[in-house]
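Sequences are here, hints too, so could you generate the full structure?
Protein chains in written order, with the numbering used here: chain A, 5 to 414; chain B, 153 to 378.
Because the hints were derived from the structure by calculation, they are not lab data.
Ideal placement from N, C-alpha and C gives every residue a C-beta, glycine not left out.
One or more of the hints may lead you astray.
[Claimed, not checked] Simulated restraints on C-beta separations:
#1 A:206 with B:357: 56 to 64 Å
#2 B:341 with A:401: 50 to 58 Å
#3 B:200 with A:169: 47 to 55 Å
#4 A:207 with B:345: 54 to 62 Å
#5 A:292 with B:301: 33 to 41 Å
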Amino acid sequence: MRGIVTNELFGSDGKLLKKDKQPSRSLVFGFPKLLYTLFTDTPWCHDTRGTKYALAMAAPPAPTEISLETGNYPWASEAYFSGQMWGIQISEDDHPITPFDSYIRGRLGNALGFGYSGAFRVNSHFSRRCRGMASDRMQSVWHGDSADIVRRYLAGDDLGMVRFGAPNGRIPQGLTFDGIYLWSGNDSDNLIHRMDPLTGAVNLEWASPGTAIWGLAYDLENDKIYSMDNGTKLIYRHDPATGVVEDSFDTALTDTLYDMEWVDGYLYVPVGTTMHVFNPATGLRVHSFRLPVSVRYPVFIGPYWLIAPPDTGTSYESCGFFFFPGYGCDLPNLEIGGNEVLRPVIANPNGEFTMRRIFTNLTGADLTIRKVGIHSGCPVELIAVDLLGTPVAVNHGQELRVSYTFQITV
Amino acid sequence: MRANMDSKMKATPEVSVEDAEKKVADMHVLMQAELETIVRSPDGKVSHHDVRKAESFVRQWLELLWVHAASLGRVSEGYAMRDTGNGLRRIRTHMDNWFLHALAAVDTHGILVGLGTTAPTIDDYRMEDQIPHGIIHPQLQYSDMAVGYPGINMNISQITITRSFANASGSAVTVYEIGAALRAYDRASWSGIVRYFLVLRDVIAAGIGVPVGDTLTINYRLQCEL
Numbered sequence: 005m006r007g008i009v010t011n012e013l014f015g016s017d018g019k020l021l022k023k024d025k026q027p028s029r030s031l032v033f034g035f036p037k038l039l040y041t042l043f044t045d046t047p048w049c050h051d052t053r054g055t056k057y058a059l060a061m062a063a064p065p066a067p068t069e070i071s072l073e074t075g076n077y078p079w080a081s082e083a084y085f086s087g088q089m090w091g092i093q094i095s096e097d098d099h100p101i102t103p104f105d106s107y108i109r110g111r112l113g114n115a116l117g118f119g120y121s122g123a124f125r126v127n128s129h130f131s132r133r134c135r136g137m138a139s140d141r142m143q144s145v146w147h148g149d150s151a152d153i154v155r156r157y158l159a160g161d162d163l164g165m166v167r168f169g170a171p172n173g174r175i176p177q178g179l180t181f182d183g184i185y186l187w188s189g190n191d192s193d194n195l196i197h198r199m200d201p202l203t204g205a206v207n208l209e210w211a212s213p214g215t216a217i218w219g220l221a222y223d224l225e226n227d228k229i230y231s232m233d234n235g236t237k238l239i240y241r242h243d244p245a246t247g248v249v250e251d252s253f254d255t256a257l258t259d260t261l262y263d264m265e266w267v268d269g270y271l272y273v274p275v276g277t278t279m280h281v282f283n284p285a286t287g288l289r290v291h292s293f294r295l296p297v298s299v300r301y302p303v304f305i306g307p308y309w310l311i312a313p314p315d316t317g318t319s320y321e322s323c324g325f326f327f328f329p330g331y332g333c334d335l336p337n338l339e340i341g342g343n344e345v346l347r348p349v350i351a352n353p354n355g356e357f358t359m360r361r362i363f364t365n366l367t368g369a370d371l372t373i374r375k376v377g378i379h380s381g382c383p384v385e386l387i388a389v390d391l392l393g394t395p396v397a398v399n400h401g402q403e404l405r406v407s408y409t410f411q412i413t414v
Numbered sequence: 153m154r155a156n157m158d159s160k161m162k163a164t165p166e167v168s169v170e171d172a173e174k175k176v177a178d179m180h181v182l183m184q185a186e187l188e189t190i191v192r193s194p195d196g197k198v199s200h201h202d203v204r205k206a207e208s209f210v211r212q213w214l215e216l217l218w219v220h221a222a223s224l225g226r227v228s229e230g231y232a233m234r235d236t237g238n239g240l241r242r243i244r245t246h247m248d249n250w251f252l253h254a255l256a257a258v259d260t261h262g263i264l265v266g267l268g269t270t271a272p273t274i275d276d277y278r279m280e281d282q283i284p285h286g287i288i289h290p291q292l293q294y295s296d297m298a299v300g301y302p303g304i305n306m307n308i309s310q311i312t313i314t315r316s317f318a319n320a321s322g323s324a325v326t327v328y329e330i331g332a333a334l335r336a337y338d339r340a341s342w343s344g345i346v347r348y349f350l351v352l353r354d355v356i357a358a359g360i361g362v363p364v365g366d367t368l369t370i371n372y373r374l375q376c377e378l
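In structure tokens form, the structure reads like this:
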């Protein structure tokens with residue numbers, strides 16, 4: 005199977021200004037992951053929408069919401085998706101592409117749209133609270149279950165789960181993953197532990213200066229651990245090898261701070277139905293935006309977030325996934341058209357079909373598009389991403405139409 | 153594994169409208185199937201081992217991908233696809249489509265083997281001469297399907313599907329065609345009717361001999377390579 009990416013730039017008068025085509029090089033890990041779910045009929049958290057919509061790419065214009073039918077369990081009853089979740093995506097990012105890519109950094113989104121399914125019952129096999137979550141952003145998620153930590157796959161619920169006791173038998177209030185090790189912190193002793201992500205064997209421990217550590221995050225770019233103190237509302241930056249505090253800043257928030265997540269240079273701290281975004285380099289809060297539900301424990305998994313809302317007061321705590329534009333992806337005046345998926349054309353020995361989407365730049369600024377890709381699935385996955393051979397400057401008022409064509413030849 | 157990109161194409165990325173069509177002439181393979189075949193005797197001795205590029209995603213692969221990409225839902229009439237029984241079926245999205253994790257002795261879907269030698273075409277909808285499950289020559293015993301969790305390295309992400317075929321037929325069997333079929337639901341009834349659709353078909357011109365008592369193991373690796 006081959007792929008072609010086409011981009012066409014139109015002026016404000018509709019005139020075609022430029023057209024370029026290139027081979028699509030990159031089906032990333034999300035695609036075989038979805039195939040696994042489909043081939044084995046094992047949707048994540050046993051929600052049948054996970055298979056029915058696994059390859060869904062057609063979408064109405066953003067921020068139109070798509071209402072999905074009720075899931076097969078009562079707690080999966082609410083679901084709606086923003087039109088921008090599925091289909092072709094664009095970004096100004098120019099980072100090299102790897103098969104590990106699970107999201108498009110700096111995806112240009114329309115802040116008016118959310119996608120939400122509330123809630124997949126992540127800990128459906130358990131009866132205790134889910135606190136603290138971490139992810140490798142590709143295959144696995146770890147979450148607390150009382151004083152245990154559970155690892156599970158993000159595709160294929162038949163694969164079983166790994167369960168081990170949290171360090172010192174304490175309920176993990178914060179979890180994060182550094183690519184090799186899992187880190188856990190709690191507010192009982194303010195110790196932070198580094199452990200084997202499959203066995204829970206602790207191989208490093210250091211104390212945080214905090215009074216109530218309720219959140220951990222890992223900076224993938226600079227190899228730093230952040231811990232958040234709910235007592236003082238400070239966030240500390242640590243050398244992960246020693247725990248030495250290198251920097252700290254005051255969030256100036258007064259609410260209870262449960263957990264946080266690091267994504268692409270920013271720390272995301274949820275407070276109720278508001279997500280606060282901090283630049284840890286300056287300690288400044290640079291952005292805040294509304295969340296569709298109240299959130300305590302957020303973890304960024306790829307194109308979407310897995311969240312745990314406040315305790316429900318019942319015998320379990322459910323988790324949902326949702327999708328929102330992150331900081332830097334918040335362009336309310338970027339018009340995102342529907343993602344059209346055109347019918348196949350097949351004539352031996354070739355067959356193909358094309359999908360396409362129009363982006364209209366009404367942001368008042370000029371954009372330079374360097375990367376395009378495709379979102380698909382429920383929860384949404386990045387399945388393809390390509391760097392454009394020639395970046396496309398899309399000035400205010402101009403339209404960019406991006407097309408993907410999939411071809412087979414026998 | 154993949155077509156080489158034209159270096160000139162890399163050097164001249166900006167093209168006019170007229171030139172755009174020429175640019176993709178030498179195109180990168182986005183995903184391909186690698187076909188591995190192994191014949192082992194009961195004592196584990198390998199008498200055959202071959203790895204080759206699979207030739208043939210047939211039209212049903214593309215069509216089913218399109219049905220789901222386009223989200224043809226309940227209100228849709230569905231898309232007409234030809235099943236392995238040569239019936240045109242109206243297919244739409246369904247939570248149980250794409251399933252190939254067949255059980256042992258089930259020869260309707262999953263990896264299939266046959267005796268056909270005609271070169272594949274995109275319109276192939278069934279195995280030319282499928283070998284059924286069984287112990288009467290030339291039947292082979294179909295194992296259950298195995299679907300490996302996707303693997304990944306710096307260049308490739310892939311998923312491997314596997315099935316074994318044991319020869320208890322009393323005579324040697326030579327396999328010439330290998331394919332794979334998926335399940336999808338015909339919208340002819342409200343809940344749907346199970347149908348099977350061929351998505352891959354390959355012909356091994358030299359054949360693969362499976363002596364009595366031996367087992368042929370087939371791995372299809374669907375690979376996405378940067």
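Structure-based check of each hint:
1. A:206 with B:357: 56 to 64 Å: For residue 357 of chain B against residue 206 of chain A, whose Cβ atoms are near 58 Å apart, the range 56 to 64 Å holds.
2. B:341 with A:401: 50 to 58 Å: 51 Å, holds
3. B:200 with A:169: 47 to 55 Å: 49 Å, holds
4. A:207 with B:345: 54 to 62 Å: Hint holds: Cβ distance 55 Å, inside 54 to 62 Å.
5. A:292 with B:301: 33 to 41 Å: 39 Å, holds
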